[in-house]
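There are 2 protein chains.
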Amino acid sequence: MDDGAAGTRDGRAALRESHGEDEGTHMDVNIGLLGCGTVGAGVVELMRRRADKITGMTGLRPTIARVLVRDVGKPRAVVLSAGQLTNDPQEIIGDPDIRVVIETIGGIEPARSLILQAIRAGKHVITANKDLIALHGAEIIAAAEGARVDVLYEAAVGGAIPLIRPLRESLTANDITDIKGIINGTTNYILSKMTATGADFSAVLREAQELGYAEADPSSDVDGLDAARKLTILSSIAFHSAVNLADVQVTGIRAVTARDVYYARELGTVIKLLAAASDRDGELTLHVRPTLIPQDHPLAHVSDAYNALYVRGDASGDLMFFGRGAGSLPTASAVIGDVIEVLRNVSQSVPGRVRTLVHSHKPVNHNAGEPARHYLRMTVADRPGVFGQIAGIFGDAEVSMETVLQKRVDEGRAEVVVVTHEVPAARLAAILDTLGGLPDLARIETSMPVERGAY
Amino acid sequence: MDDGAAGTRDGRAALRESHGEDEGTHMDVNIGLLGCGTVGAGVVELMRRRADKITGMTGLRPTIARVLVRDVGKPRAVVLSAGQLTNDPQEIIGDPDIRVVIETIGGIEPARSLILQAIRAGKHVITANKDLIALHGAEIIAAAEGARVDVLYEAAVGGAIPLIRPLRESLTANDITDIKGIINGTTNYILSKMTATGADFSAVLREAQELGYAEADPSSDVDGLDAARKLTILSSIAFHSAVNLADVQVTGIRAVTARDVYYARELGTVIKLLAAASDRDGELTLHVRPTLIPQDHPLAHVSDAYNALYVRGDASGDLMFFGRGAGSLPTASAVIGDVIEVLRNVSQSVPGRVRTLVHSHKPVNHNAGEPARHYLRMTVADRPGVFGQIAGIFGDAEVSMETVLQKRVDEGRAEVVVVTHEVPAARLAAILDTLGGLPDLARIETSMPVERGAY
Numbered sequence: 001m002d003d004g005a006a007g008t009r010d011g012r013a014a015l016r017e018s019h020g021e022d023e024g025t026h027m028d029v030n031i032g033l034l035g036c037g038t039v040g041a042g043v044v045e046l047m048r049r050r051a052d053k054i055t056g057m058t059g060l061r062p063t064i065a066r067v068l069v070r071d072v073g074k075p076r077a078v079v080l081s082a083g084q085l086t087n088d089p090q091e092i093i094g095d096p097d098i099r100v101v102i103e104t105i106g107g108i109e110p111a112r113s114l115i116l117q118a119i120r121a122g123k124h125v126i127t128a129n130k131d132l133i134a135l136h137g138a139e140i141i142a143a144a145e146g147a148r149v150d151v152l153y154e155a156a157v158g159g160a161i162p163l164i165r166p167l168r169e170s171l172t173a174n175d176i177t178d179i180k181g182i183i184n185g186t187t188n189y190i191l192s193k194m195t196a197t198g199a200d201f202s203a204v205l206r207e208a209q210e211l212g213y214a215e216a217d218p219s220s221d222v223d224g225l226d227a228a229r230k231l232t233i234l235s236s237i238a239f240h241s242a243v244n245l246a247d248v249q250v251t252g253i254r255a256v257t258a259r260d261v262y263y264a265r266e267l268g269t270v271i272k273l274l275a276a277a278s279d280r281d282g283e284l285t286l287h288v289r290p291t292l293i294p295q296d297h298p299l300a301h302v303s304d305a306y307n308a309l310y311v312r313g314d315a316s317g318d319l320m321f322f323g324r325g326a327g328s329l330p331t332a333s334a335v336i337g338d339v340i341e342v343l344r345n346v347s348q349s350v351p352g353r354v355r356t357l358v359h360s361h362k363p364v365n366h367n368a369g370e371p372a373r374h375y376l377r378m379t380v381a382d383r384p385g386v387f388g389q390i391a392g393i394f395g396d397a398e399v400s401m402e403t404v405l406q407k408r409v410d411e412g413r414a415e416v417v418v419v420t421h422e423v424p425a426a427r428l429a430a431i432l433d434t435l436g437g438l439p440d441l442a443r444i445e446t447s448m449p450v451e452r453g454a455y
Numbered sequence: 001m002d003d004g005a006a007g008t009r010d011g012r013a014a015l016r017e018s019h020g021e022d023e024g025t026h027m028d029v030n031i032g033l034l035g036c037g038t039v040g041a042g043v044v045e046l047m048r049r050r051a052d053k054i055t056g057m058t059g060l061r062p063t064i065a066r067v068l069v070r071d072v073g074k075p076r077a078v079v080l081s082a083g084q085l086t087n088d089p090q091e092i093i094g095d096p097d098i099r100v101v102i103e104t105i106g107g108i109e110p111a112r113s114l115i116l117q118a119i120r121a122g123k124h125v126i127t128a129n130k131d132l133i134a135l136h137g138a139e140i141i142a143a144a145e146g147a148r149v150d151v152l153y154e155a156a157v158g159g160a161i162p163l164i165r166p167l168r169e170s171l172t173a174n175d176i177t178d179i180k181g182i183i184n185g186t187t188n189y190i191l192s193k194m195t196a197t198g199a200d201f202s203a204v205l206r207e208a209q210e211l212g213y214a215e216a217d218p219s220s221d222v223d224g225l226d227a228a229r230k231l232t233i234l235s236s237i238a239f240h241s242a243v244n245l246a247d248v249q250v251t252g253i254r255a256v257t258a259r260d261v262y263y264a265r266e267l268g269t270v271i272k273l274l275a276a277a278s279d280r281d282g283e284l285t286l287h288v289r290p291t292l293i294p295q296d297h298p299l300a301h302v303s304d305a306y307n308a309l310y311v312r313g314d315a316s317g318d319l320m321f322f323g324r325g326a327g328s329l330p331t332a333s334a335v336i337g338d339v340i341e342v343l344r345n346v347s348q349s350v351p352g353r354v355r356t357l358v359h360s361h362k363p364v365n366h367n368a369g370e371p372a373r374h375y376l377r378m379t380v381a382d383r384p385g386v387f388g389q390i391a392g393i394f395g396d397a398e399v400s401m402e403t404v405l406q407k408r409v410d411e412g413r414a415e416v417v418v419v420t421h422e423v424p425a426a427r428l429a430a431i432l433d434t435l436g437g438l439p440d441l442a443r444i445e446t447s448m449p450v451e452r453g454a455y
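Protein sequences, first through last, are from chains V and F.
Positions 1 to 455 (the numbering used here) are the ones given, in order, by the first sequence.
Positions 1 to 455 (the numbering used here) are the ones given, in order, by the second sequence.
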């Protein structure tokens, strides 16, 4: 057994002596915080507000002993003493009195190395870092199980919304077949604004950047990568499989135009960046892509920076979880919830209480996907007989059209929108292929699935 | 220390020897099931489906050893051996090999006595019994803490929806200020049908009874008591206070007419039986009452037998949880989720891992309530000057009208609907009093609050 576990054993003996409200004494648990940006400052603030409550619940008093920052002199949203601030990570990782590390730096390095060092030193780790868990979760969880410490990351997906713990604990009586939702606030804000104002993607993105809702380099959000990382994390837990980021087929929202938003509304729908994963008899399919959601579907009403996730279990049926997907205090709500879990486990000497059950690497099918209705916006040559030719191509592929809109014509070209009946992904791909080979006839501008109506 | 706790200690020693997947051996844990109706049969069915998964997660194999039924000869939805069935509760309560008892009988007695006996015998208890927990929860939880056993009741509220555990664990970093939602499926089904068809309450109730969605004696549902019991349970946990059923002000849906449903739609709303509780600086207000919900509010789209609960925390902001509130397998999903928690606690020797933190009996204000818009439907005398008199009464009470509808006149009487601007509860009560004293002028037929728009 390594030093970390031995340290935990010593800690247990000390705890047995002092634990319990009845004695009126509470053992302090020192916490090291890595990073003090938006999330870190929220954690400091909320930990202060709830210190007494946490002590009442766990018998342990959490104290933020040290905070790692790049510049100890920089003004911050929360007041910290000079003694608390450090720019040397070893003052946290190397301090045996610090039992719990909260990581809010974000990104892969140095977060990954610091977390692995903390785990090896026998410290429990709480992180809000979705990028790290999506890419290196397996390595980190294996290290934690080896060292018998907790690594919790409720805040990595869905901000304040309890998602990880319900999937890992409350819903484990189910075989979960589907998870589906809106898990990126930036794209949801942009699409909500485009829907409300009719403005184009680039104008709304610029405004979102000015307001701080989108990063200067927005690609992680608008290209769907952030949602794909979160879907990787959720799918791994829901389906008990080691899902990789590369397993997710990703389409971002850059190609969604004001025209699409307009047609979507005409069709009684709104466009959302939908993350969806399914398990069909042990075969997984994972998508992130703009999708038309019917107005009577609850996901259609999830606007701005809110997140929502549908979960379908074989026993539970459909469930939905909804709330703020980001922000300083909402994220801190999830982080501190994890702190309370860690302290409870520490006080009861059950580190690593809930292990992640991974059955296997389930196979991933990149071509599959449920049969779905599809929205296609095309620019077509505006001459007699063209529409008949297009209709013929659909007919030959045995794809029937549910709705056809032809709204605007200029300079010899018309814009045609087709919504198909439900069609298997392969047959849709065949049509897109055929039309792609006839550029004089028609050009596919946008293709998006249309979600089924309300539950 | 009593016999129950001693029994638990012995059990721990045995577990330490045999636990762990690594050794390839799994200790069986015998479970006794009280009742085998709709929920009980779902529990048997789902336990069978998930036995291997549960063993993989907890290192313990759950076995339903014995099932208490009234008539062992009656045909059932699930196949049970003659040896499993018994009509003698002592064959479960008195069997030292049965470690866990699942109660699905419902109602107060004999469920209460059997659960207390099981607890005293050192058995862990899982129940779906909202009536019992609402009325005798404090007694049962105190007994469980004394005997150091788990009593879990996720299935008591919201069927498959994880509500109890998120409130007790994930969200405890928050001071929760509001919980609000639709937590009775029968009334939601009836109101949804009234909205969809325009039919009257009594006709829809009859149909719901024929379809099995409403009981032969529907009063517990339609008079709001079932929702009030669930609100009592949720509020106790959310607000860390010992809330009593009598603390909830309850109005059922019997007085909601097809006319109200019609006017609600004219006003861009739908009528729902809303359960709502708030904590304002340590003072609680709890209501169950029919409420007009604006169409753009997510709760307006929760139809038929679905349940949804909003939770507002000071850090998390608004959260919503949605899903099936009843039914055999959805309820079993929550029960088996609790079984997994109990088995995990057993295998790690941490019975009673999460204690319910009750600060105090917080005071309850029966007169308060946030200022709200109110819908009033009145029958008024159809003669000149009447409306002026009514408007004068509103004006004198400083209650301004937002909307006035006068839709139908017959036999010298007119129907007038008023929606007020936001008004404190006391001022509204004053108007209702004044109008109540002028029966020749106007009679108040219905009065319901109007919920604010979407989050």
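FYI, nobody ran anything at the bench for these hints, they're computed from the structure.
All residues carry an ideal CB built from backbone N, CA and C; glycine is no exception.
Watch out, some of these pointers could steer you wrong.
Said to hold, decoys possible - Interface residues of chain F toward chain V, partial, derived using beta-carbon atoms under 8 Å:
no. : residue
1   : 337
2   : 364
3   : 367
4   : 371
Claimed, not checked - Beta-carbon label-pair distances, calculated as ranges:
no. : chain 1 : residue 1 : chain 2 : residue 2 : range
5   : V       : 97        : F       : 96        : 56 to 62 Å
6   : F       : 197       : V       : 427       : 36 to 42 Å
7   : F       : 365       : V       : 63        : 34 to 40 Å
8   : V       : 444       : F       : 409       : 40 to 46 Å
If I claimed the Cβ atoms of residue 444 (chain V) and residue 409 (chain F) lie 40 to 46 Å apart, would that claim hold in this structure?
Cβ of residue 444 (chain V) to Cβ of residue 409 (chain F): about 59 Å, so the range 40 to 46 Å is violated.
Is the hinted range of 56 to 62 Å satisfied by the C-beta distance from residue 97 (chain V) to residue 96 (chain F)?
violated (45 Å)
Per the CB criterion, is residue 371 (chain F) less than 8 Å away from chain V?
violated (25 Å)
Does the hinted range 36 to 42 Å hold for residue 197 (chain F) and residue 427 (chain V) at CB?
Roughly 39 Å apart at Cβ, these two residues keep to the hinted range, so it holds.
Residue hint residue 367 (chain F), partner chain V, criterion CB-CB below 8 Å:
Not OK, violated: residue 367 (chain F) not within 8 Å of chain V, min 29 Å.
For the hint on residue 364 (chain F), just tell me whether its beta-carbon gets within less than 8 Å of chain V.
violated (21 Å)
So, residue 337 (chain F) near chain V? Judge it on the closest CB pair being under 8 Å.
holds (5 Å)
Assuming the hint says 34 to 40 Å, is it satisfied by the Cβ distance from residue 365 (chain F) to residue 63 (chain V) or not?
holds (37 Å)
Violated hints, listed in ascending order, are 2, 3, 4, 5, 8; each of the other numbered hints is respected by the structure.
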